[in-house]
Amino acid sequence: MPESLPLAQLWVYLAATPLTGLTMTLVAYSGAVWLGQRFGSPAWLNPVLLSIVALVAFLQVTDLSYSDYFAGGQFIHFLLGPATVALAIPLYQQRAHLRELWRAITFGVGIGVIFGATSAILLAWFAGADWPMMMTLAPKSVTAPIAMGISEQIGGVPSLTAVLVVLTGVVGALIGPWLLRWMGCRDERLQGLAMGVAAHGIGTARAFQLSPLMGAFSGLAMALSGIATAWLLPWITYWAP
Amino acid sequence: MAWIYGLTGLLVFQLLGEMSVRLLHLPVPGPVVGMLLLLGWLFWRGDTPPAMDQTAKGLLTHLSLLFVPAGVGAMVYAEELLTHAWAVALTLTVGTVLTLIVTAWVAQKTQRKPSARTRGAD
Numbered sequence: 000m001p002e003s004l005p006l007a008q009l010w011v012y013l014a015a016t017p018l019t020g021l022t023m024t025l026v027a028y029s030g031a032v033w034l035g036q037r038f039g040s041p042a043w044l045n046p047v048l049l050s051i052v053a054l055v056a057f058l059q060v061t062d063l064s065y066s067d068y069f070a071g072g073q074f075i076h077f078l079l080g081p082a083t084v085a086l087a088i089p090l091y092q093q094r095a096h097l098r099e100l101w102r103a104i105t106f107g108v109g110i111g112v113i114f115g116a117t118s119a120i121l122l123a124w125f126a127g128a129d130w131p132m133m134m135t136l137a138p139k140s141v142t143a144p145i146a147m148g149i150s151e152q153i154g155g156v157p158s159l160t161a162v163l164v165v166l167t168g169v170v171g172a173l174i175g176p177w178l179l180r181w182m183g184c185r186d187e188r189l190q191g192l193a194m195g196v197a198a199h200g201i202g203t204a205r206a207f208q209l210s211p212l213m214g215a216f217s218g219l220a221m222a223l224s225g226i227a228t229a230w231l232l233p234w235i236t237y238w239a240p
Numbered sequence: 000m001a002w003i004y005g006l007t008g009l010l011v012f013q014l015l016g017e018m019s020v021r022l023l024h025l026p027v028p029g030p031v032v033g034m035l036l037l038l039g040w041l042f043w044r045g046d047t048p049p050a051m052d053q054t055a056k057g058l059l060t061h062l063s064l065l066f067v068p069a070g071v072g073a074m075v076y077a078e079e080l081l082t083h084a085w086a087v088a089l090t091l092t093v094g095t096v097l098t099l100i101v102t103a104w105v106a107q108k109t110q111r112k113p114s115a116r117t118r119g120a121d
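Quick mapping for you: the protein sequence lines, in order, are chains A and B.
Anchor point for the first sequence: position 3 equals 2 in numbering that gives the first Met the number 0, and the numbering is continuous, going up by one each time.
Anchor point for the second sequence: position 45 equals 44 in numbering that gives the first Met the number 0, and the numbering is continuous, going up by one each time.
Everything labelled a hint here was simulated from the structure, so no lab data went into it.
Quick caveat: nothing in here was measured; it's all calculated off a predicted structure.
Be aware that one or more of the hints could be misleading.
Here are the in silico distance ranges between beta carbons for each label pair [stated by the list, open to error]:
(1) G39/A <-> V93/B: 28 to 36 Å
(2) R44/B <-> S29/A: 44 to 52 Å
(3) L22/B <-> R37/A: 28 to 36 Å
(4) R44/B <-> T105/A: 21 to 29 Å
(5) T7/B <-> W43/A: 38 to 46 Å
(6) P5/A <-> Q53/B: 22 to 30 Å
(7) D46/B <-> L121/A: 16 to 24 Å
With the Cβ distance kept under 10 Å, some of the chain A side facing chain B (calculated, not the full set) [what the hints assert, rightly or not]:
(8) P5
(9) A7
(10) W33
(11) L34
(12) F38
(13) A42
(14) A87
(15) Y91
(16) R94
(17) A95
(18) L159
(19) R188
(20) G195
(21) W234
(22) I235
Quick reminder that beta carbons are idealized off the backbone N, C-alpha and C, glycines included.
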C-alpha cells in the first residue's frame, strides 16, 4: 500500500506536534459554543462538557495519549493563571456593589466556603473515600488553579482535583440557575454569588450567558471564595481527626 | 497591541504573586496573591488601564474554555473515578446542591436587613 504511507507519515507528524492538541481543543470548544447557540444555549448543552466528551472520543479513536494531547492543551491550560489574576479587574469595578452588599457577600461567601469544603469532606467520608480522595475532593468548588494549589498542599492529587473541579462546575452550571429560582432566590446578584461560590468559572460562564449582572457577581464570588478557601481549607483539615 | 500590554500586565502580577509566595512561604497559590496585588494596585491607581480591562474581559468571557484541557484529563483518571464513583457522585451532586442553597440562603438572610430600599427591588 504505497499510497497509505504518506498518510501514515502525516499522522506520525500530527501526533507528535502540540499543534494538534491545541487546534482540536479550540475546534471542539468553538463547535460546542456554536451548537449551544443554535439551540438557544440551554443548560444541558454545556460547552465545557461537550468539548470534553468530543475530545475524549477523538483521543480514543485516534489512540492519542493524554500527555500527547496536553502538549498542545497546556497552552490553553496555562492561561488559567493570568485569568485568575484578571479576576481583580471585575472585583475592582464592582467595588460600589461590594460596599452596598458587603454583608450578604461576606456571610454568603464565608459560610458558603466553609460549608462547601466541609460538606465535600464529610460526604466523601460518608461514601467511604480514603483520606487522599477526601483531600482531592475538598477544594472542588474553587477555580482550577487555586484548587490544584490547595489540593497539593493538603495532600490530595492536584490533577485529579482539576478534573473534579471541572465536573463540579458543569453540575453547578446545569442545575444552579434552576435550583436558585426554585428556592425563591430571584435577586440576580445573589444568584450570581451562589453560582460563583459553588461552581467557580464554569458557573460564572453560565451566569454571564443568563445576565451580565449575575455574571459579574459570580466572578466576584469566585474570586473571593478562591481566596477564602485557600486560607481556610488548610486550617479546616488541620483540625480534622 | 493592547492585548500584549494587557497580557504583560497580568503576567507581571502573576510572577510577582509567585515570587511573594516563595519568598514569604505563603499558604496561598501564586495567582491568588497576584490577583490581590493587582487589586491593591488598581485601588492605588484609581482606575483600570484600558488595555488590561480589554484583555481581562477577553480571558474571563471564555473562562470555560480554559478548563477543557484539565477536564479531558478525566480519561487518565477513569479507573480512579470509577473506584470512588459513589463518593465522587455524591460529593459533586449533593455537595454542590447544598452549597448553592446554603450560600444563597445566607446571602438572602443577611442582605435584607440593612436598608428598606432594597425591598422595593423585589
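Hints, verified against the model:
1. G39/A <-> V93/B: 28 to 36 Å: The hint (28 to 36 Å, Cβ to Cβ) holds, given that G39/A and V93/B are roughly 29 Å apart.
2. R44/B <-> S29/A: 44 to 52 Å: violated, 36 Å
3. L22/B <-> R37/A: 28 to 36 Å: violated, 50 Å
4. R44/B <-> T105/A: 21 to 29 Å: Distance hint for R44/B, T105/A holds at roughly 25 Å.
5. T7/B <-> W43/A: 38 to 46 Å: Holds: the Cβ-Cβ distance is about 39 Å, inside 38 to 46 Å.
6. P5/A <-> Q53/B: 22 to 30 Å: Given a distance of about 44 Å, which is not inside 22 to 30 Å, the answer is violated.
7. D46/B <-> L121/A: 16 to 24 Å: Between D46/B and L121/A, where Cβ atoms are some 45 Å apart, the hint is violated.
8. P5: Because about 29 Å separates P5/A from the closest Cβ in chain B, which is outside the 10 Å limit, the hint is violated.
9. A7: With a minimum Cβ separation of about 24 Å from chain B (threshold 10 Å), the hint on A7/A is violated.
10. W33: violated, 13 Å
11. L34: For L34/A, the interface hint is violated, since the closest Cβ of chain B sits about 14 Å away, which is over 10 Å.
12. F38: Violated. Min distance 17 Å.
13. A42: The hint is violated - A42/A has no Cβ within 10 Å of chain B, the shortest such distance being about 13 Å.
14. A87: holds, 4 Å
15. Y91: Nearest chain B Cβ about 4 Å off; hint holds.
16. R94: holds, 8 Å
17. A95: Status violated, d = 13 Å.
18. L159: The hint holds - L159/A has a Cβ within 10 Å of chain B, the shortest such distance being about 5 Å.
19. R188: Where the cut-off is 10 Å and the nearest Cβ of chain B is about 9 Å from R188/A, the hint holds.
20. G195: This hint holds: G195/A lies near chain B, its Cβ roughly 9 Å from the closest one there, short of 10 Å.
21. W234: Holds - the Cβ of W234/A comes within 10 Å of chain B, reaching about 9 Å at its closest.
22. I235: Since the shortest Cβ distance to chain B is 12 Å, the answer is violated.
Of the hints listed earlier, those the structure fails to meet are numbers 2, 3, 6, 7, 8, 9, 10, 11, 12, 13, 17, 22, in rising order.
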